[in-house]
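Asker: The primary structure of each chain is shown beneath.
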Amino acid sequence: MKRSAAYPYLAWLAVFTIIPLILVLYYAFTSVSDGAVKFSPDNFVRAFEPMYLIVMWRSFVLALAATAICFLIGYPAAYILARKVGEKKSTLLFLLLVPMWMNFLLRTYSWLTILERNGIINNALFALGLPKMDLLYTREAVVLGMVYNFLSFMILPIYTALSKIDASLIEAAQDLGAGKMNVFFRVIFPLSLPGVVSGVTMVFLPAITTFVIPNLLGGGKDALIGSLIEQQFLRVGDWRFGSAVSVVIMGLIVIAMSLFYAVDSDEGEGGLF
Amino acid sequence: MKRLADICSKFYLGLIFLFLYAPIGVLVALSFNESRSRAHWSGFSLRWYAELFKDPEIMKALYYTLLVAALSAFLASVIGTLGAIGIDRMTKTQKKIAMNITNIPVMNPDIVTGVSMMILFVFAFSLFNAGSLGFGTLLLSHVTFNAPYAALAVLPKLRSLDSRMYEAALDLGATPRSAFFKVIFPEIAPGIISGALLSFTLSVDDFVISFFTTGAGVNTLSILIYSMARRGINPKINALSAIMFLVVIVMLYIVDKRQRPKTEKL
Chain L
1 MKRSAAYPYL AWLAVFTIIP LILVLYYAFT SVSDGAVKFS PDNFVRAFEP MYLIVMWRSF
61 VLALAATAIC FLIGYPAAYI LARKVGEKKS TLLFLLLVPM WMNFLLRTYS WLTILERNGI
121 INNALFALGL PKMDLLYTRE AVVLGMVYNF LSFMILPIYT ALSKIDASLI EAAQDLGAGK
181 MNVFFRVIFP LSLPGVVSGV TMVFLPAITT FVIPNLLGGG KDALIGSLIE QQFLRVGDWR
241 FGSAVSVVIM GLIVIAMSLF YAVDSDEGEG GLF
Chain B
1 MKRLADICSK FYLGLIFLFL YAPIGVLVAL SFNESRSRAH WSGFSLRWYA ELFKDPEIMK
61 ALYYTLLVAA LSAFLASVIG TLGAIGIDRM TKTQKKIAMN ITNIPVMNPD IVTGVSMMIL
121 FVFAFSLFNA GSLGFGTLLL SHVTFNAPYA ALAVLPKLRS LDSRMYEAAL DLGATPRSAF
181 FKVIFPEIAP GIISGALLSF TLSVDDFVIS FFTTGAGVNT LSILIYSMAR RGINPKINAL
241 SAIMFLVVIV MLYIVDKRQR PKTEKL
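From first to last, the protein sequence lines stand for chains L and B. Under the working numbering, the first sequence has 141 at position 141, and the numbering climbs by one with no breaks. Under the working numbering, the second sequence has 32 at position 32, and the numbering climbs by one with no breaks.
Think of the hints as simulated: they come from the structure by calculation, not from any bench. Backbone N, C-alpha and C define an ideal beta-carbon position, used for all residues, glycine too. Nothing false has been slipped in among the hints.
Label pairs and their in silico Cβ distance ranges:
| hint | chain 1 | residue 1 | chain 2 | residue 2 | range |
| --- | --- | --- | --- | --- | --- |
| 1 | L | 238 | B | 43 | 43 to 53 Å |
| 2 | B | 127 | L | 254 | 24 to 34 Å |
| 3 | L | 44 | B | 18 | 40 to 50 Å |
| 4 | B | 190 | L | 40 | 50 to 60 Å |
| 5 | B | 182 | L | 238 | 53 to 63 Å |
| 6 | L | 4 | B | 29 | 54 to 64 Å |
| 7 | L | 186 | B | 91 | 36 to 46 Å |
| 8 | B | 124 | L | 219 | 30 to 40 Å |
| 9 | L | 32 | B | 128 | 19 to 29 Å |
Kindly generate the complete structure, drawing on both the sequences and the hints.
Answerer: The following block contains the structure:
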């Protein structure tokens, strides 16, 4: 029962997460000229060329759209769940968790069957005498894939925050004459903000870096930042540029997170549990 | 008025669940489809379920998936539990540093974790002039992303533990070893188990990190599915997922049923 029990754990993480990140930085800040490796900002200069700025902007916009939609449809769901009681509530929570145990690639791939030209939705439209639509391989399909995959990550933390609210605070507000709207916007919503912040984080982070969803549902037409990194490492083989883009994305995430957390200044203990 | 709100909220939740379950329903339905095509239904059949077990590619991927998940969950639990015990004993500043290190793999985007570990492995291979990406690197990467979750699952249990219990055991003549196994371990065991289960599921579900850290010939199910996606997913994979999904639901249901009376008692 000593501190030294943690040494293998910390050493493991140092070797397999900190050293790799240092290597990423090393590759990002160096370039090869005349067979010699030297320090240079070239990779970053290239990462901020308009062509790549568009990719970053697109990733940001799509991830933000997915996060906003998750919030708009997830908040009411969390609210309804938090007001349920007993057996029914635990069953509903169970049902919310179950889809996450199905392989996420297959769940995403399954949308092809629903959205494609001869898919379920278009066949239904056709049967109703309506024209078929191009649903698949669009940006909307990519956002749909993100919302689908990450919605539960928004609902669960908001639900947790809502169910922690002390009912007597709500009663006090009602006793003091607050109407339904006032109780919600001035008591319930502010108290649920920590849940909203972690929900937003847990949706935005995976959404801005995904390369699987745009590749499957976007048909790989519009590259997102994740697909750009994947291409550089596995297809183009330009590790230095790929590393620079990785550094940029980590920077973007840190900036975005500090903006989100500025909204919620509560001192948390860190971690997801 | 209240009834109306009630009906609306039920309808709303119904829509959410329809959205979440529609693709799963489609997938399960396709696993029973006679024809190979996604586009049309040509009759009910169990053909893909029968052929599944004769497909060497899928069986091999399933084997690697379960093997990596079990080994990485076990190793991550050992390392993570020891880590949590050590961290619990640290001073405030040390603890803060350790928690920040713990949060790196949790907060880092999967793709960055994946490529950075790939760089490390390839760098190490060139340094020692030996080795290649494969099962070993896959396992190392899975232990790495699971260990923090294992530690995070044990830490709250340690925090709520009364340290005087351990001291009392020592005072009563127990060796530190038996005091640990007889006093501390039973108290933190639920945390270790939930950390291990979480690690197992994270490992089975992982695609991105595995994609970058595995080598030729070693496919997990996720990687096999991704490589199939271009030419069209084999219905056998749908059949396998339907089986795995059923197994998970049954397991979750049993765990859920067992936990419920316990939590009510507390």
